[in-house]
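Residues per chain are reported as follows:
There are 2 protein chains.
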Amino acid sequence: MKNPVRSVVSRSSLKRLPLYLHLLEKLSAEGVARVSCTYIAKEFDFDPTQVRKDLEATGEVGTARIGFRVASLIGRVKELLGWNDTHDAYLVGVGNMGKALLGYRDFEKYGLRIVAAFDKDPQKIKSHVFGREILPMSTLLKVASKTPARIGIVTVPADQAQEAVDLLVVSGVKAIWNFAPAPIRIPRGVILENARLTRSLAVLTNNLVKKT
Amino acid sequence: MKNPVRSVVSRSSLKRLPLYLHLLEKLSAEGVARVSCTYIAKEFDFDPTQVRKDLEATGEVGTARIGFRVASLIGRVKELLGWNDTHDAYLVGVGNMGKALLGYRDFEKYGLRIVAAFDKDPQKIKSHVFGREILPMSTLLKVASKTPARIGIVTVPADQAQEAVDLLVVSGVKAIWNFAPAPIRIPRGVILENARLTRSLAVLTNNLVKKT
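Going line by line, the protein sequences match chains A and B.
Using my numbering, the first residue of the first sequence is number 1, and each one after it goes up by one.
Using my numbering, the first residue of the second sequence is number 1, and each one after it goes up by one.
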């Protein structure tokens, strides 16, 4: 194993790392060379001990009272997140969410490159979204045999999600990023990550009704 | 307090409730009248005890071996989530993510109604996105004095996020749903919920690099 710390980082730490990375890149652009956990903690209103623990999971060692080297820490955070590598992805389902993801230029910064987009709708096929041609779903396996990808992004309606996932799994993807609000079954060895807007909305609206 | 259980439900329970709701509505449409925790747990590969705890937080009481009444449970879950009420919202920033949210018809099901969309870009102002006219940011306070909203959805770039939030707070919104990858400061009493795609992507790509 190249980097043994990778296996011990918690899911909640992982979710905070993109935030730190964003701040570190801003500081780097401003010419700041060193940063302390206290500074980062203050910026996000987090507990400094938690920030220290999150950052130490990257393997980077800070110096007392001086802190971490910004440039070096950026590299370590990216490595832990897997954002130094490039991950090719297919996107299935070019509705509103699919279009938003196709247009999201920052993905390349995170190592995610959407190499092909598919849809079932004949109206959408052959049209272009952000300069990319939409391909028919029926060609996915053929495309995969020439241009394999490791991630499948699922932005189809809930009732078509399992079918899309099954096809992506057959095509050889190793991870599914699912945006459909449906329970998904995947074979052992394939990674499933659900990105659900409604989870975040649930917390917000529950808090709102509690206040009234 | 009308519903005292509201204050004890955990954030992680809240995040699972939209999933249950989706399944319950599917069952209801299929004419299923009763459902057990075991069935729901199996559907999502969750622990049945956890599902029971989540559902009991709604105040609904199940019957041993028979389970919960689907119709009644749907009502309770929606009440706990605040999705029985309608929450008017402004959306600020009509980029790709803003457009995707404007086009997301299911929000009405969750009680979220975007009543106005704003942007700074003169190219976008007066254009229509999903039948809605995009208004200039400078008119937000005027709009708010006539059509107040309780939620502000922020889909501007990171470096414009704080400014958008400040304006929304002045307009009187009680909750911010932030999609920008930036730390946000809000006054006490205003709810902040961050919806960050990169958090979910971080977990996925970290798992992917661990496997290789």
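Any given hint might turn out to be false.
What the hints assert, rightly or not - The calculated lysine to aspartate or glutamate pairs, modelled on EDC-like cross-linking and capped at a C-alpha distance of 16 Å, are: (1) A/Lys-210 - B/Asp-106; (2) B/Lys-211 - A/Glu-193; (3) B/Lys-211 - A/Asp-85; (4) A/Lys-26 - B/Asp-85; (5) B/Lys-210 - A/Glu-133; (6) B/Lys-26 - B/Asp-85; (7) A/Lys-211 - B/Asp-85; (8) B/Lys-211 - A/Glu-79.
Unchecked claim - To give an idea of the interface, some chain A residues facing chain B are shown, with a C-beta separation under 10 Å as derived from the structure: (9) Glu-30; (10) Thr-139; (11) Asn-207.
By construction, these hints were calculated from the structure, which means they are not laboratory data.
In this text, a Cβ means the ideal position worked out from N, Cα and C, and glycines have one as well.
Hint check results:
Proximity of A/Lys-210 to B/Asp-106 is assessed by CA-CA distance (about 23 Å); at most 16 Å being required, the pair is judged violated. With a C-alpha separation of about 15 Å, the suggested pair B/Lys-211 and A/Glu-193 falls inside the 16 Å cut-off, and the hint holds. Between the alpha carbons of B/Lys-211 and A/Asp-85 the distance comes to roughly 13 Å, so the proposed pair stays at or under 16 Å and holds. Taken as a hint, the A/Lys-26 and B/Asp-85 pair is broken in the structure, with Cα atoms around 40 Å apart against an allowance of 16 Å.
About 32 Å separates the Cα atoms of B/Lys-210 and A/Glu-133, which puts this hinted pair outside 16 Å; it is violated. Of the supplied pair hints, the one linking B/Lys-26 and B/Asp-85 is violated, its CA atoms being roughly 21 Å apart against a limit of 16 Å. Distance hint between A/Lys-211 and B/Asp-85 is fulfilled; the C-alpha atoms sit about 13 Å from each other, no more than 16 Å. Our distance criterion of 16 Å between C-alpha atoms is met by B/Lys-211 and A/Glu-79, whose separation comes to about 14 Å.
The interface hint given for A/Glu-30 is violated, since its Cβ lies 12 Å from the closest Cβ of chain B, which is over the 10 Å cut-off. Taken as an interface hint, A/Thr-139 does not check out: its beta carbon lies about 25 Å from the nearest beta carbon of chain B, beyond 10 Å. For A/Asn-207, the shortest C-beta to C-beta distance to chain B is roughly 5 Å, which falls under 10 Å, so the interface hint holds.
Hint compliance for this structure: hints 1, 4, 5, 6, 9 and 10 are not met, and every other hint is.
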